[in-house]
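Asker: Each chain, letter by letter, is given below.
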Amino acid sequence: MQSAVTTTALRREFKPRKRGLDPITALDDVSLAVEPGEIHGLLGPNGAGKTTLVKILSTILTPTSGTATVLGHDVVEDPGAVRRVIGLVFGGDRGLYTLLSARHNLEYWAALYGVPSRDTGSRIDALLARVGLTRRADDRVETYSRGMRQRLHLARGLISDPEVLFLDEPTVGLDPVASLEFRQLVMTLREEGKTIFLTTHDMGEAEAICDRVSLIDRGALLATEGPETLGRWITAYERVEARGVTDDAATMVSGLPGVMSTQRLPDGTLRIETAVTGVVRPIMEALLAAGVTELGTRPPSLEEVYLRVFGDRGLQV
Amino acid sequence: MTIRIAANAARVGYRETRSQYTWRSWLFGWVLRLVAQTLFFAAMGILVGSDDLIEFALIGNVAAGVTLMVLGIGPDTAWERSQGTLPLLIAAPRSLLPVFAGRNVFHLVQGVGEGLVIFVLVAPWVGVEGNYLWLPPALMAIALGSYGLGLFIAAFAIRKPRWGNTIYNLVYWTTVAIGGVNVSRTVFPHWVQQVGSFLPLVHGLTGLRELLSNGFTGAAVGQLGLELAVGAAWFTVALAGFALFSQGGRKDGTIDLVE
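Protein chains in written order, with this note's numbering: chain B, 1 to 317; chain H, 1 to 259.
Derived by calculation from the structure, the hints in this document are not laboratory data. Accuracy of the hints is not assured; some may be wrong.
[Stated by the list, open to error] Listed below are the simulated DSS-like cross-link pairs for lysine-lysine, each with C-alpha atoms no more than 25 angstroms apart in a straight line:
| no. | chain 1 | residue 1 | chain 2 | residue 2 |
| --- | --- | --- | --- | --- |
| 1 | H | K251 | H | K160 |
| 2 | H | K160 | B | K15 |
| 3 | H | K160 | B | K18 |
[As the list claims (entries may be wrong)] Some chain B residues well away from chain H (every beta-carbon gap over 12 angstroms; in silico):
| no. | residue |
| --- | --- |
| 4 | R83 |
| 5 | D93 |
| 6 | A137 |
Backbone N, C-alpha and C define an ideal beta-carbon position, used for all residues, glycine too.
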């Protein structure tokens, strides 16, 4: 079966504005395949090259070398064919005509994507209902909350009923409830067989909704894993944080098996970092036994996971 | 489909224009600025006691005001950039020309309207009277003639966003300088006049002056026709420019999701 999205040895360099400086490599030899109907995550910290890859795949940017195809269409040789089968949604406040209503925004993009006039009204109504904006459809977008704008973004990206949807950090800046709603919407798209390529720097998001996740840093692809691997990393490198821990108790905890390090934060909180799965419970039990009642777990940051899993190949924290 | 795109884009342009001005800020800011410019040059005629020069400067600056507004669509890609919609337009499977042609069509109406308002305000002040019924259609021809070049500047600004305003000002003031707005084109060397022939406003203004002096003559119609032809030529260049410059922007990475 043909992959929905492929990249082969994809490279993109940018010339610095100042003469004499070396080109900046945003993508370096990136090869990946996204299968039809999957939600494929591209996980990486800021500046890793996620947006550059989405820009190339959505024909906004050309690669310096290498090839990329979407449903078999080359993004350089046949950008028109690519544009007809994709939708692009990015996060943030921008990308909408805020002085227009949601309905007028969608009418505009429907025209740009060649949706027949006779279908436009019903398709817009259906999309507005799907993203929960029917009641506000005729209000100006400038009056919308951040979450509503993001849902409208998704509706805009779906106006042409694309087979492949690129979501570039779609939940950035959203509150947890709005993020959750958005993810649920994305997961319903998978059920319809759409291929979704999603970039994020949120491991929890990648684990929650992706079928596979490619990890990228400094323009290079490090690995492609299933969400269960991500979940394992998150659990393995989970931290315990506790307040009111005496020095004796801290010493005791640091000697427990699986504890990688302990660190006293400026506010007195003790941070305990773990190196293997299954040690959080004994740590918490030991702390409770020592009379500590203010304690909890925190997921590791993406940077920490990269450093632990990929070492020198990964991000330098 | 192209008309649908242009019509939807026109709605965007109309909303943006409305958001830029209230009628007070438009009248006491923008229109007052155009009136002051027109009055300044017409006052030269008053200074030297020449009625011909007063009328020459009045008509020239009224027409130039139309071109100023219409060429102003050039830096409009900046709007699309600041809204983050430019990359989405690039990624859409249609040409950018109907988008920009549509979203700025309101500038045609606004430009002609402003030209008429300036005339109505300044003409009595500087003592110009007569039959000026030809003014509205001639100003519309000038507006249409200027539209193509404005669109070309918009296309250029996709590739060189920082240069959009500079090019707009350079083109406008060059047109005013050599286009017969305040002084006759004949004072310039032949080659400068030839260059001016490829700019909007020049033929339209010549045709307008002919209409006002001698009525509906073949020469006037010919000049207005040339004005429209110049506009059409620039429109064609803009069409190629949008394809070429968006392709260039894709290559050098100047079209960004976050500006």
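Asker: Of the numbered hints stated previously, which ones are contradicted by the structure, given in increasing order?
Answerer: 4 and 5
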